[in-house]
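Here is what each chain is made of, one letter per residue.
Protein chains: 2
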Amino acid sequence: MSDALSYIRDGAAIYKRSFAIIRAEANLARFTPEQEKIAVRMIHACGMVELADDIDFSPSFVSDAKAALRKGAPILCDANMVAHGVTRARLPANNPVVCTLADPNVAALAAELGTTRSAAAMELWRDRLDGAVIAIGNAPTSLFRLLEMLGEGVARPAAIIGMPVGFVGAAESKEALAADGRIPFAIVKGRKGGSAMAAAAINALASDAE
Amino acid sequence: MSDALSYIRDGAAIYKRSFAIIRAEANLARFTPEQEKIAVRMIHACGMVELADDIDFSPSFVSDAKAALRKGAPILCDANMVAHGVTRARLPANNPVVCTLADPNVAALAAELGTTRSAAAMELWRDRLDGAVIAIGNAPTSLFRLLEMLGEGVARPAAIIGMPVGFVGAAESKEALAADGRIPFAIVKGRKGGSAMAAAAINALASDAE
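In order, the protein sequence lines correspond to chains A and B.
The first sequence begins at 1 in this note's numbering and counts up one residue at a time.
The second sequence begins at 1 in this note's numbering and counts up one residue at a time.
Please note that a few of the clues may not be correct.
Each pair may be met inside one copy or between any two copies, as identical chains are not told apart.
Within a straight-line C-alpha distance of at most 25 angstroms, the following computed SDA-like cross-link-like pairs (lysine to any residue) qualify [as the list claims (entries may be wrong)]:
1) K16 <-> L109
2) K16 <-> A52
3) K71 <-> G131
4) K16 <-> G131
5) K16 <-> E175
Just so you know, these hints were derived from the structure itself, not from any lab.
Here the structure is a predicted model, which means the values were calculated and not measured.
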């Protein structure tokens, strides 16, 4: 038993060894050095080096998102799990981390609009969208609704992390974000995604420290 | 653009269609009907039907964990993301959902014990372990430390969801849990895991409603 439980107990050493394994195993050659750091942290969050093949960035995503965070941009999250995955100590400007899903008005708004709570929660982002960094790690309907709102002429966010997960609409919502092209984006193509990946992307953008 | 954004907006319909796709595509034949419902919700949380091959349950896990939750067992989570993924409305007995990682004593305790904050946070579970349902979705060192504490004779939890994720210790900690055999368990073998899967397992155990 004592043999089985000999394990590394140094948090910094665990991070360092994890990131070295990822860089040894993952196919990261097509990323710029700045994109590579985001991809590595996303892979770290899910334990899958093959995720590298599904990650896509628009050219100015990393620089635009980093500049926005440095200027104090709010981070708007579709799910509380995303918001709770953001490491506050890494944020460069004590950025507000916002999730409106649990707002008491959302359920009634969803019923009124005939949509999901996740999509209805986007309505409460309107006043905060200008220059914001968006992190969608759960609901395809949040991303679809955000794209509709951009079509309606709402203020433009600085960057969108589009990583909803699942079997209905996830792949399609991310394709729509990439096709839209108005806002710099990072996506995970296909069904994969999730709150841990979206939060990891924020944490990587927030600080160069690994 | 209007074509690209025609998407399903009915939350219940999205769940139903998602679960039907999972049951059509995933290899679930080796699970009991009760285990299958847990596996399906875990797959739903990560978008990967191939996860089915990595999920393992000890024989009494589902019945023991469900019985504990019905009796009001606390749900002890290693990470705040796990705690925030638990859907409170599904819980059968308004069960407490506890995460001690952010306790102000944890950093000093980690320094004193020469271990990670995630492992040190386990020390604050001692009084709550008896009959609890454990959900570990992040840190291998949490699971390793919990196994050490069981070896030291702490009160026994009812069931352990062992789903830490990553490249250093995750696979080994889950192998150690399965080999230990003292406590009914659910694991995801290998590097995969995460807070969404661990929370999904709790949400599936908490209510039969899909």
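Right, here's what the structure says about each hint:
Only between protomers do K16 and L109 lie at most 25 angstroms apart by alpha-carbon distance; the minimum there is 22 angstroms, versus 46 angstroms within a single protomer. Proximity of K16 to A52 under the C-alpha cut-off of 25 angstroms is restricted to the intra-copy arrangement: shortest distance 19 angstroms within a copy versus 30 angstroms between copies. Taking the closest pair of Cα atoms, K71 and G131 come within 25 angstroms of each other only inside a single copy of the chain (9 angstroms); across copies the shortest separation is 48 angstroms, beyond that limit. In the homo-oligomer, the alpha carbons of K16 and G131 never lie at most 25 angstroms apart, since the shortest distance is 33 angstroms inside one protomer and 36 angstroms across protomers.
Only between protomers do K16 and E175 lie at most 25 angstroms apart by alpha-carbon distance; the minimum there is 23 angstroms, versus 34 angstroms within a single protomer.
Of the numbered hints stated above, the single one contradicted by the structure is hint 4.
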